[in-house]
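These protein sequence lines map, in sequence, to chains A and B. Read in our numbering, the first sequence has 301 at position 301, and its numbers run on one by one without any break. In our numbering, each number is its position in the second sequence, counted from 1, plus 1000.
Below are the BS3-like pairs computed for lysine-lysine, each with C-alpha atoms no more than 30 Å apart in a straight line:
id: 1; chain 1: B; residue 1: K1229; chain 2: A; residue 2: K379
id: 2; chain 1: A; residue 1: K431; chain 2: B; residue 2: K1234
id: 3; chain 1: A; residue 1: K431; chain 2: B; residue 2: K1450
id: 4; chain 1: B; residue 1: K1229; chain 2: A; residue 2: K271
id: 5; chain 1: A; residue 1: K451; chain 2: B; residue 2: K1229
Covered by chain A, per the in silico footprint, the following chain B stretches (three or more residues, Cβ under 8 Å):
id: 6; stretch: 1039-1045
id: 7; stretch: 1093-1102
id: 8; stretch: 1260-1271
id: 9; stretch: 1334-1342
Hint data in this document are derived by calculation from the structure and do not stem from the laboratory. Ideal placement from N, C-alpha and C gives every residue a C-beta, glycine not left out.
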Amino acid sequence: MRFADSIFAGRFGISTRDLDRYLAAALEHGGDYADLYFEYLLTSSIGIDESIVKNAAQGVSMGVGVRVIAGERTGYAYSDDLSPGKILKAARVAAHIASGPGKTDKFDLREGLRHDLYPVPTAPTETALAERVELVKRADRAARAYDPRVFQVQAAYADNLRHVLVATSDGVLTVDRQPLARLSVHALARRNGETPQQGHAGGGGRVDLGFFLEDKPPEHFAREAAREAIAMLDAADAPAGETTVVLGPGWPGILLHEAVGHGLEADFNRKGVSAFTGRAGQKVASELCTVIDDGTIPSRRGSLNVDDEGHPTARNVLIENGILRGYLQDKLSSTLMGAAPTGNGRRESYAHIPMPRMTNTFMLAGGSDPEEIVRSVPKGLYCANFGGGQVDITNGNFVFSASESYLIEGGRITRPVRNASLIGNGPEALKFVSMVGNDLKLDEGIGMCGKAGQSVPVGLGIPTVKIDRMTVGGTA
Amino acid sequence: MTQNGLLDLAGGIVRKAMARGASGAECTIDEGDEFTAEVRLREIESLKEAGSRGVGLRILMGKRTGSSYTSDLSGEGLERLVRSAFEIAEISTEDPHAGLPEADELGSISGDLRLYSPGIENLDPARGIELAKRAEAAAFDADPRISNSDGASFESGTGRHVFANSRGFAGEYRTSSCSLSASPVARDGDSMERDYWFTMARDPGGLQAAEEVGRTAAGRALRRLHPVKVETQKAPVVFEPRTARSLLESVFDAVHGMSVYRQESFLAGKLGEKVADERVTVTDDATIPGGFGSSPFDDEGVPSRRTPVVERGVLKSYLLNTYAARKLGMQTTGNASRGLTGNAGIGHGNFFLEAGVQTPGRIIAGISNGFFVTGLLGFGVNIVTGDYSRGATGLWIRGGELAFAVSEVTIAGNLRDMLLNVEAVGDDLEFQGSLAAPTLKIGGMTVGGK
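This is chain B alone, in the form it adopts within the complex (with noise of 0.2 Å):
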């Protein structure tokens, strides 16, 4: 079953904790390589080629918790990783809520979720060097306004992850992924603006072309020269899918199982309560296949499952581990997420705004004076109050149409108002990565400007 023996290592280590008289333990290695090839100006920038692994170790002494972690593999190096987290759980607090999942929550959805390629590991460094260049090149070639570049990278990377813990679970699984991403520069007169493109897979094969990444970085760099500063109202504004999925990172942020029982989260205590208008589903899924949210279990060894986190507008349930699921009295929804340190937090799988049925241009022509933010800056964004102010560039709306570019102004607005004023879901949900959402329109935000 394991192939390089570090399933067998994660199960050593966990029972040598047991053996020096811990309670329970759980053991996580990773393990991964990444190849980097940066162009710019049609020419390798850098080339970058390594591998890594760590093992991190999380033991309880009854209530009381240790974690260790280290990438030195010796004995030493081992043994010292051990007597690290005794010493860890020496100083910590009793804690009632402390634990590993139960014995009959542990386990690993089956089937092949498509996380790994084997083409990754094949691909020759000169492969990806040629995709970055002809993004790069497509990039120049759209326009004489596309005068410099901050480059185009590819990036390939192999992963495997391994758990085991002292309840019996021992689980590994590999992953794959490969990115493709242009940065040009465009300039006209005085003004000067870069933007970027990137599409991601699991498989060389699965990447948009390389051109037209290229050109999409153009025209997105384009359209923001001789941007306008705005005056200060109160107008819709549009955010396209790259800008909406930042939302959803705060959605996420907001049903976040821990934030939730600190109640430092402005959705604590609404569950089943109407929080976002009713065209807004939120699902969080990590068993859809070749997903960059998916696992065949999470990282404290509970199968990895579907979630319905807001359905037409009602919130139905909180991101949780084994953890916060005890402090909220609930059961965990399989969100374990861990670094190789530490007790395990909370991570969301597939985490998507279901599509709606306009397409962008309908909602864009249906508004007579409105903003379409293309680009978000800095991080305005108040979880525990909702209170949401950040920079934005983009485009204005005039009546039912792309105007002008816009930059150097701010929206502002809070997110609990938000979600309710989702007045236009649009029909272009697509994934780069594990978090998505397709063009939403949200009434009644301030544009802050002159």
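Chain A with its partners taken away, still in its complex shape (with noise of 0.2 Å):
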């Protein structure tokens, strides 16, 4: 898509000229950077609780941020008015953070290279609402339909189509049309009187309505979510205390966001406050290891064509046969750091300052039989699905918590256990990795990842992999 061909040239009116004089008001006190963001944002979403199509929403918003950069400092104003006098009045505000003469009111804006990892002429957000509900009802009959002890399901499906327009001072242009779907279920389950146990999955993407119709329909969410609170029906108490983990395939990459994703982003380690800080070419993790951020996977949650600073995104190595490679870079930090951009400057939305952040985080696949490494395991802890996690980046130590796990026994998954969390060190948990399958699967679409107050979509994955040594919080 051209800059033309755009809905704020189109429906807004913008032009070249417009954005130039915008950029010149953000720098009318100097500074060494501006940039402005544009953002009109559809939104849709359907929930089904009881069988009952009962919440469900639609909605608009758009606005503009301007950020002012000079030196180490950011001025930031947004409007959620798209008129020239409220965006100049935004443009003023961000200014105030440079005190000198202004800049140039010419930025010779040039639409720059971008990727074209989601071609959906039409997006979810664009089709018939009645075929989109659907989705939901098909959801919650097939979540009932698989075992009658399932007593309780919600199916919510959610999409939206986010329209993006970047101008900088560096003669950045460019424009993004972004799709994104999901859906997801969540079903209880009881056996007689006893305590009702909970199971949920869900997926999507940067994807066209076919995906949910064809790829991956709503039945198999929702058998998936019904399997899991079934499996912890039959649920003992987790062990507590280290132990050896074996990691099965797809979300529990959730290991590597909190273990070293988060760590690696740049803006905590220019300020020196990560556990990685100056780590870089030093081994993190065992040689098995190598991890990959990448956010120009086509069609996954976590990709973009271009990042939320205009810049293109990229495959980034971040650990190398075990050896810490690179930072996660926004323009701030790559610019104080002297780094190149990799793509990872995000945002929640127009009110909201760019960050380093992560797309899709993945350990390649290794040599092992995921079979053979359940088998050589004398006693353990198998976690086939994970909820949340969390890190504290300046000690390292990160929380994930399992969903659905089992105990490995003899070299054999045996009973399921409670729901624990798993808790590690950063900088030296990968280090106790031995064993890494050959059967890397990315995670079905339904990561959303916080850092300060925002919210982005994001992508995971792993192949099996065996932890020989980590702290695992039940009660047994």
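Combine the two chains into a complex, taking the hints into account.
So, in structure tokens, the structure goes:
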């Protein structure tokens, strides 16, 4: 898509001369750099509960954020009104961060390179609501049909279509149209009068509606949620203390997101507050581990044609055969660190200042057969699925919570255990990885990552991995 | 009455929806301004300033509902808002419990709740920057081992909340808030630890002194240095107020009316039963003047009130909006809460666990071997089953004293047992925000370590 064809040029009548004028206002007191981020976001959500479609909504939000960087300082202002007067006012507020003579009023804006990772002519948000509501109804029916012990089902479908325009004083001009959709299912199962158990599943991506009609139909997620709830009915107490942990493939890649991903975001390292600060070139994982952050995988939830600062996303190697290779950069940190941008400058919306963020983070496959990995464990824990996680980037401690896990006894997966958190230390935990499976799997497309109050969609992935030592927070 | 026409706008949108054939409608408008100053290493790191507004509409077509929102307040934008809600109602299912509160349930409490202080609006940004600089400087000055900083920040904001519905309710109120926080980094040899402290108030005059914020944050970071990982064991756990708050959040999640009617709470069906030790009394009160959980009416236009939730260990009430109340055959407790979009959810007012009589020092002095938890990590709380397992940091209690720093361990149990095993409640209840708990001692938890 070209700027001239964008909603900003069309519906809002914004010209490159206007953009020049706004950037000039942002730099009227000097400064090293300014950018404009225009956003026009359409959202829809449809929820079913007790087989009733009772919570559905659609909406529009729009606005522009103006940023000025002067040395290490950032000035930021935004407006949800796209009239020239309001944009100029925001630019002048942001400009106050600098104090000096004004800069040039011509920025030679040129449309830069971008990927084409989600060529979706009709975004889900642009399809008939009647078609989308069927997805939650089908999910509800399939989860209930899975087993009579399933007694509560909630399914939620949500999509959005984000139109973005970035213009910078470096001359970058880029537009993007970013579709995103997800379907999630939550099931509760109960045996007689016992305590219920829950199961979750979901997925999606930067896809068209065909994804949910052909590739991953609602029944796929519904059965998975119901299966997990039923499996947990027999859960015993989880072990407490250090044990061998085997992570299943896919979503358990949240280990990488928490253990190393956040700690490698450049802002924390530039400031010297990350446990990984100054460790580039050092061994931080076993040589079996190569960890990648890749924003260029077609159709994935964490992928972007350009990041939210107008740079094309990239495939970045974070850890190569156990050695720390690189950081995730945004404009501010890459400038101050003298590093190349990596396409990881992201923000939740026009009302937020960009930060270095992950896209799709995963570990490359190794050579082990997953079954052989489990057979090699006399006593341990097999984690098939997780909820969320969190990390303290300064001391490196991270936690992620198993929602479906099983005991391994004598090289066999035996009984399910109750929800337990796993805790480890980022620069140390991956040194205990002793086997990596040949079954790399990316998650199904449901992840949300929070940092400093901003949420962005991300992807995860990992093959089956054996970690010789990790602390499990059970009660047994 | 209305100062900037938003109440009239909300009423007009409700009338537009009714004219188009809705059987009921409710409109929310939120408007706000925010200012943030971040300071790091004694210099300004970022300044942010902006204002925004948005409109949400929910309509009823008999027993069907449809919701929409927009930040586009142009004529075309509002036309689309109304049209969108009708499109949504078309695809929703009839729900026998859907509807607005009854007319006689609507209203607003009288008197000034002191939610807004004009001091915020005229606040000089330079004063906020200065407060943040002073907080960070106090942290650096506290100890030479405070060698770095993740910054200090000052935030302030004002808001206006407007609500109108087709049963004749129309109301609005203004709010203001400001906060100051500092995140110093302590370093000694190989050990690096960060902690934070913050204060919030309706007016800058109500904030803790900047120096106190900085020194407290520094002390918290320093006492985390050189932690050890303890052996796996059963031990009593003491939650300081900041971590005890998170337990109270779990209690809120468990008395949340939507979770209760879906039977996805471990407290569902337990009304009138003993669910906690008799030392435990939990109250929700949205009528406390100046409180961050206070409001004259909830997000469905029902007057705010005080609701005893747990009294001396006995579960007395769930927190309900109109929908959850109808599902459970009860009355709303005035706890409807919503953003701009969708049906009303449920929120708390000022939700707190009442103070006990022991000082935190006395509680710790009575423990020969236990864990004083000052930080929690992760989301390992399952409200359906009550299973609780989270990462924790803090100080080990040996012979009645705080002996050494501990980290990279877990604490685990089940909330059902944890509430019954509350063995001491501190006298140190203090609100920073809308949720508060004093120091709590809980017996028999599992600490997972080496």
